[in-house]
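Visitor: This is what each chain is made of:
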Amino acid sequence: MNDLHSQAHAYVIGALTSQETREFERHLIECDACSADVIDVRAVASALSATVAAEPPARLRAAVLNQIAQTAQEPALERTSHRGASRTDKNVVAFRPSRRRRFATSMLAAAAVVAAVGFGGWAYQANQDADNSEQLAEQARSQRTELAALLSADDVRTVSGRFPQTDHTGTVVLSKKQGKAMFVASGLPDLPDNKVYEAWTINGDPEPAGTFSPDGHQSIVALTDAAFTADSIAITVEPEGGSAEPTSDAIFTVVMPQT
Amino acid sequence: MRASRGSSPNQKVVLSMTTVTLPPAWAPRLFSAQARPRLTVVTMPSPTAPAHELPSLMAKVSAGDERAFARFYDATVRNVFGIVLHVLRDHAQAEEVTQEIYVEAWKQAPKYDVKQGSVSAWLNTIAHRRAVDRVRSSERRTHREQRHFEAGTGRLAPDPLDQVVANDEGLRVRAALEKLSEGQRTAVQLAYFEGKTQREVAEFLQVPLGTVKTRIRDAMQRLRTHLGEAAS
Ligand SMILES: [Zn+2]
Numbered sequence: 000m001n002d003l004h005s006q007a008h009a010y011v012i013g014a015l016t017s018q019e020t021r022e023f024e025r026h027l028i029e030c031d032a033c034s035a036d037v038i039d040v041r042a043v044a045s046a047l048s049a050t051v052a053a054e055p056p057a058r059l060r061a062a063v064l065n066q067i068a069q070t071a072q073e074p075a076l077e078r079t080s081h082r083g084a085s086r087t088d089k090n091v092v093a094f095r096p097s098r099r100r101r102f103a104t105s106m107l108a109a110a111a112v113v114a115a116v117g118f119g120g121w122a123y124q125a126n127q128d129a130d131n132s133e134q135l136a137e138q139a140r141s142q143r144t145e146l147a148a149l150l151s152a153d154d155v156r157t158v159s160g161r162f163p164q165t166d167h168t169g170t171v172v173l174s175k176k177q178g179k180a181m182f183v184a185s186g187l188p189d190l191p192d193n194k195v196y197e198a199w200t201i202n203g204d205p206e207p208a209g210t211f212s213p214d215g216h217q218s219i220v221a222l223t224d225a226a227f228t229a230d231s232i233a234i235t236v237e238p239e240g241g242s243a244e245p246t247s248d249a250i251f252t253v254v255m256p257q258t
Numbered sequence: 000m001r002a003s004r005g006s007s008p009n010q011k012v013v014l015s016m017t018t019v020t021l022p023p024a025w026a027p028r029l030f031s032a033q034a035r036p037r038l039t040v041v042t043m044p045s046p047t048a049p050a051h052e053l054p055s056l057m058a059k060v061s062a063g064d065e066r067a068f069a070r071f072y073d074a075t076v077r078n079v080f081g082i083v084l085h086v087l088r089d090h091a092q093a094e095e096v097t098q099e100i101y102v103e104a105w106k107q108a109p110k111y112d113v114k115q116g117s118v119s120a121w122l123n124t125i126a127h128r129r130a131v132d133r134v135r136s137s138e139r140r141t142h143r144e145q146r147h148f149e150a151g152t153g154r155l156a157p158d159p160l161d162q163v164v165a166n167d168e169g170l171r172v173r174a175a176l177e178k179l180s181e182g183q184r185t186a187v188q189l190a191y192f193e194g195k196t197q198r199e200v201a202e203f204l205q206v207p208l209g210t211v212k213t214r215i216r217d218a219m220q221r222l223r224t225h226l227g228e229a230a231s
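Taken in order, these protein sequences are the chains called A and B.
Going by numbering that gives the first Met the number 0, the first sequence opens with residue 0, and the numbers climb by one from there.
Going by numbering that gives the first Met the number 0, the second sequence opens with residue 0, and the numbers climb by one from there.
The hints are simulated quantities; they were obtained by calculation from the structure and are not laboratory data.
For each residue, glycine too, the CB sits at the ideal point set by N, CA and C.
Take these hints with a grain of salt, some might be off.
As the list claims (entries may be wrong) - One-sided and incomplete, this derived list gives chain A residues near chain B with beta-carbon spacing under 10 Å:
(1) A14
(2) I38
(3) P74
(4) L190
To be verified - Covered stretches of chain B, as calculated for chain A (at least 3 residues, CB under 8 Å):
(5) 53–66
(6) 100–113
(7) 176–185
(8) 190–200
(9) 220–226
Unchecked claim - Label-pair distances were calculated between CB atoms; the ranges are:
(10) B/K106 / A/E22: 20 to 28 Å
(11) B/D112 / A/E22: 20 to 28 Å
(12) A/D230 / B/D112: 41 to 49 Å
Whole structure, please, built from the sequences with the hints as guidance.
Guide: Next comes the structure, spelled out in structure tokens:
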């Protein structure tokens, strides 16, 4: 981090990762200029909350007052500032324990390594990977075109989830009007030739919803219509050609909101 | 505008509800004109304690005064609950996290130091941080339906909450947001209200990370100028 001094704004609005936050908070302890910036910017960020003010249910007030009546306050400290207060360390993304398996863990480690390289996101630019056959490149181009069209639908919805333990998100994009659903992710590691990623729609038993391999750093796959009614969408790694039912644990799941 | 006042928990608060088309606020020009969503505006009674009373309330709260804390809650909870609800997109979770925030505020109150900023800035910082932590720390994140930005253009889809509260401060801040460029506003929106990191914002908008950093910095500086002293 060579530009720690310029991070105050991003820090205050929560745009730093947990690690960057810790680094910046260490910096804050020794940098008065940044501390002053943080105090200033906090006043501005705090004002933003007024644009979304909402009335909570009355029961919340009773619950809060009841709980504080039974809660001891912490003693005042002479010179401890909140500015150094560390973020609660809850940044571990939990996957359902029953779904965790060694394979998934090693996949995620690989994803983390890839993540360190950095990506351009859902770029539409053709990814001129020398290894890609012309056909694969064409397929990738048409998927991006399809995604672009889907994103322009006026009823487009997106539902994002996070790949546990990496800083990357996968997103389901749907439009009822276009009758199309796609899954997009960046940063999925390449797989051996005999493996593919497979998407599943889950509504009771998982149903196959499409297989894909990353193209460069992006993965885009058209999902079956079952995506519109699924409770959740999951991704697993399967043998080439895909499976009729999952043979490994999900490396990603996203719960679809009810509509 | 003005409904019943008072801080009794059982007192009925009269709200008037109307459905209007808001002037562009967060997302002017992000909507095409015909697609501008209709938002339900709930007009709230004024907070029971005005902002300038917060420091004296806070002093009592710091000394363990539970009644003062009740007034402190009444004066601040709409903004706190609003930001939490906006970040989490889930009413039940927002209630849970808001309760945690106020318990935390109660516990930390004796450590509050005015040199670190105003009472509301202190509280809203705790609130925003808790909400973002919750979003990032749990796979419940996946329950959230996120606002959708059309990649590359930053078009914002209708807010699923479809509800904003009209209040003087909110409208004033909205006006300040209007003065930002669309790119600046979008970057702040995605980071502050969606809990995205700069990198995620960059990925989402397909712009370089450096651009996002610059937009966030410029946006916050301009907001500060427009809001002036009253920002806190
Ligand atoms: Zn500094």
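Visitor: Looking back at the hints listed earlier, which ones does the structure fail to meet?
Guide: Hints 4, 7 are the ones this structure does not satisfy, whereas the remaining hints hold.
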